[in-house]
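Visitor: Sequence:
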Amino acid sequence: MRMSKLFFQTLRDAPADADVRSHQLMVRAGLVRQVAAGIFEYLPLGLRVKKKIENIMREEMNAIDGQEIVMPVVQPAALWKRTGRWYEIGDDLARLTDRAGRELVLAMTHEEVITELAGGVINSYRQLPVMLYQIQTKFRDEPRPRGGLIRVREFTMKDGYSFHTDIASLDEYYPLVYQAYFNIFGRAGLEVIAVESDTGMMGGTMAHEFMALTEVGEDTLLLCDECGYKANRQVATFVKSENEDQAVEEALPLEEVSTPGVNTIAALSDFLEIPQSRTAKALFLVATTEEEGEDKEQFVFVIVRGDMDLNETKLTNALKARQLRPAHPEEIRAIGAEPGYGSPVGIHRDQVLLVVDDLIVRSPNLVAGANRDGWHYTNVNCGRDYEPDLALDVVAASAGHPCPLCRAPMRAERGVEVGNIFKLGTKYSEAMDATFLDEDGSSAPMVMGCYGIGSGRLMASVIESNNDDNGIVWPVTIAPHQVYIVSLATRRTPEVTEVADRVYQQLQEAGLEVLYDDRDERAGVKFNDADLLGIPMRLTIGARGVKNGVAELKLRRSDEINELPLDDIVNQIQAVSDAESAAVLAGVITESLQ
RNA sequence: CGGGGAGUAGCGCAGCUCGGUAGCGCGCUUCGUUCGGGACGAAGAGGUCGGAGGUUCAAAUCCUCUCUCCCCGACCA
Numbered sequence: 001m002r003m004s005k006l007f008f009q010t011l012r013d014a015p016a017d018a019d020v021r022s023h024q025l026m027v028r029a030g031l032v033r034q035v036a037a038g039i040f041e042y043l044p045l046g047l048r049v050k051k052k053i054e055n056i057m058r059e060e061m062n063a064i065d066g067q068e069i070v071m072p073v074v075q076p077a078a079l080w081k082r083t084g085r086w087y088e089i090g091d092d093l094a095r096l097t098d099r100a101g102r103e104l105v106l107a108m109t110h111e112e113v114i115t116e117l118a119g120g121v122i123n124s125y126r127q128l129p130v131m132l133y134q135i136q137t138k139f140r141d142e143p144r145p146r147g148g149l150i151r152v153r154e155f156t157m158k159d160g161y162s163f164h165t166d167i168a169s170l171d172e173y174y175p176l177v178y179q180a181y182f183n184i185f186g187r188a189g190l191e192v193i194a195v196e197s198d199t200g201m202m203g204g205t206m207a208h209e210f211m212a213l214t215e216v217g218e219d220t221l222l223l224c225d226e227c228g229y230k231a232n233r234q235v236a237t238f239v240k241s242e243n244e245d246q247a248v249e250e251a252l253p254l255e256e257v258s259t260p261g262v263n264t265i266a267a268l269s270d271f272l273e274i275p276q277s278r279t280a281k282a283l284f285l286v287a288t289t290e291e292e293g294e295d296k297e298q299f300v301f302v303i304v305r306g307d308m309d310l311n312e313t314k315l316t317n318a319l320k321a322r323q324l325r326p327a328h329p330e331e332i333r334a335i336g337a338e339p340g341y342g343s344p345v346g347i348h349r350d351q352v353l354l355v356v357d358d359l360i361v362r363s364p365n366l367v368a369g370a371n372r373d374g375w376h377y378t379n380v381n382c383g384r385d386y387e388p389d390l391a392l393d394v395v396a397a398s399a400g401h402p403c404p405l406c407r408a409p410m411r412a413e414r415g416v417e418v419g420n421i422f423k424l425g426t427k428y429s430e431a432m433d434a435t436f437l438d439e440d441g442s443s444a445p446m447v448m449g450c451y452g453i454g455s456g457r458l459m460a461s462v463i464e465s466n467n468d469d470n471g472i473v474w475p476v477t478i479a480p481h482q483v484y485i486v487s488l489a490t491r492r493t494p495e496v497t498e499v500a501d502r503v504y505q506q507l508q509e510a511g512l513e514v515l516y517d518d519r520d521e522r523a524g525v526k527f528n529d530a531d532l533l534g535i536p537m538r539l540t541i542g543a544r545g546v547k548n549g550v551a552e553l554k555l556r557r558s559d560e561i562n563e564l565p566l567d568d569i570v571n572q573i574q575a576v577s578d579a580e581s582a583a584v585l586a587g588v589i590t591e592s593l594q
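Each step along the first sequence adds one to the number in this note's numbering, with nothing skipped, and position 31 is 31.
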């Protein structure tokens with residue numbers, strides 16, 4: 001491609017509304033433009049990268065017997081009503097009505113459609129297993145898009161769905177996808193780790209997220225360097241231990257103490273000069289659960305140790321709640337508690353579901369509120385002073401907590417979820433009546449898995465971890481072009497143009513992708529644009545070199561400059577390109593799933 | 001939805017406090033000189049100051065309403 005003809009624009013200054021590095025660079029390099037919050041357009045260079053990423057996905061999906069299809073973005077509401085998600089999912093699901101008044105949705109994912117499709121085509125166990133995938137637009141009306149392409153509303157996703165006769169078959173297939181995902185990210189030059197994750201609104205039994213570690217990530221991960229334990233904070237566990245002296249302590253008599261104006265754990269700890277771990281934190285929530293098809297609100301009183309935080313995902317899952325929200329002060333008072341001085345002692349027990357973290361059961365003599373403004377109880381003991389409805393793990397793991405497998409202290413990192421895989425089970429096949437006839441003539445719902453990767457988010461993540469002060473540093477495998485030719489021709493040196501034109505043509509004929517900077521610009525402009533665009537190989541052709549029969553090659557990721565003879569330029573560039581590819585592929589991780 | 005910030009030329013910004021009819025840098029156009037890391041000179045093009053209403057002789061500037069975008073939180077396949 002000749003730069004003089006390319007539809008693009010590079011910017012010296014990033015738009016003021018671009019905050020994260022990848023967003024700034026993508027806009028400055030002319031890869032994408034933002035149209036509205038979370039809605040982007042791809043310019044030619046950006047689209048080339050996106051397509052390369054998607055082709056890698058295709059190859060890896062095909063390699064594990066995936067077959068590509070395309071499903072609609074606009075879908076009838078009826079399908080979503082059959083699985084109940086039309087009612088369950090809130091405003092994230094964009095709904096519209098057509099001219100005839102029919103209700104439609106913009107697809108935010110495709111389980112309903114694919115399950116109906118598979119159910120219609122597949123009748124026999126002989127047709128299973130099968131994996132179908134598509135690379136398609138999705139729309140989720142996110143409450144808050146952010147971070148450029150990291151979190152958007154309209155996006156392209158590779159989503160795959162596998163169908164099996166039984167769980168054993170899914171269990172056999174799932175690790176293949178797991179490895180295929182490492183292949184995809186590795187080939188795209190992105191380092192990821194796989195962590196255990198929550199199954200969320202997708203339902204299902206096992207799930208992994210593939211995370212790119214970066215500060216702009218929205219998820220917190222807990223990692224153990226000792227044994228390799230990795231989990232999203234939403235599901236991470238850790239070994240909880242009582243305070244040493246506390247384990248053997250006798251339960252002391254309950255006492256009320258005056259604590260005027262002390263309504264936070266930190267203040268309480270300071271005021272009474274005790275560690276936060278000797279306090280009990282009271283949290284008031286309202287859970288929405290479904291009972292016989294009807295929503296029901298339940299007041300939930302949660303107690304965790306003062307030095308720990310509630311993990312809402314764990315609690316939501318334990319309660320099988322659809323929603324969890326903080327209770328209003330009126331609601332708190334209605335059950336006999338006082339905001340800021342909440343205590344399990346003396347509340348209207350019949351109106352409350354009392355949940356304690358399992359550590360509370362083994363922590364005697366804690367300080368808790370007294371349900372009275374300005375007063376706390378000391379020596380509150382679970383089992384003696386109050387009886388919980390549930391005692392289970394509902395606290396969030398944090399940096400420093402002991403690993404659940406080996407007890408070594410874990411560390412916390414931020415990550416972007418670039419892909420995920422789920423064992424869905426039969427949730428959708430049952431709802432959509434997608435059954436098959438087994439060998440023995442019995443009918444059963446197909447067992448499903450589902451597997452997603454967002455291409456734009458992957459692209460942004462690669463940039464997040466591959467850039468420097470001058471711009472993007474693309475891995476050659478997904479760079480918009482492999483070679484950037486800088487022609488330093490002027491009016492006085494037509495021979496330089498001749499050589500540059502010829503090299504451009506030769507490289508192209510050899511199958512290399514070349515961006516040829518034939519613009520009438522000064523050298524500095526071209527070099528800076530080359531750096532900003534991040535093309536892996538930069539070939540400079542100037543009067544000096546032409547005189548000596550050489551061109552200069554500089555790799556974007558190094559400062560070294562090498563002279564290559566013009567008469568062997570194609571072979572030499574090809575060799576460097578192959579080496580660059582090999583270097584990226586060497587980073588592909590092979591990891592078997594336990 | 002709660003909190004904070006911002007909308008003035010393609011991009012980055014000033015002007016607003018104290019009303020007088022819009023400016024700077026980059027980019028863009030033309031000509032000339034330059035030409036190996038974002039050249040120089042000269043001459044130009046480009047803006048309903050996010051939108052609506054109001055106050056005023058006069059509004060980018062003051063008042064009211066509204067839309068949009070960004071950040072933190074809530075939320076999140």
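Keep in mind the hints are simulated off the structure, nothing from the lab.
Misleading hints may appear alongside valid ones.
What the hints assert, rightly or not - Straight-line alpha carbon distances no greater than 30 Å define the calculated DSSO-like cross-link-like pairs of lysine-lysine that follow:
hint	residue 1	residue 2
1	LYS230	LYS427
2	LYS554	LYS138
3	LYS81	LYS5
4	LYS51	LYS138
Quantities reported herein were computed from a predicted structural model and do not represent experimental measurements.
Visitor: For each hint, tell me whether it holds in the structure or not.
Guide: Outcome of the hint check:
no.: 1; hint: LYS230 <-> LYS427; result: holds, 27 Å
no.: 2; hint: LYS554 <-> LYS138; result: violated, 40 Å
no.: 3; hint: LYS81 <-> LYS5; result: violated, 50 Å
no.: 4; hint: LYS51 <-> LYS138; result: holds, 17 Å
The earlier numbered hints that this structure contradicts are 2, 3.
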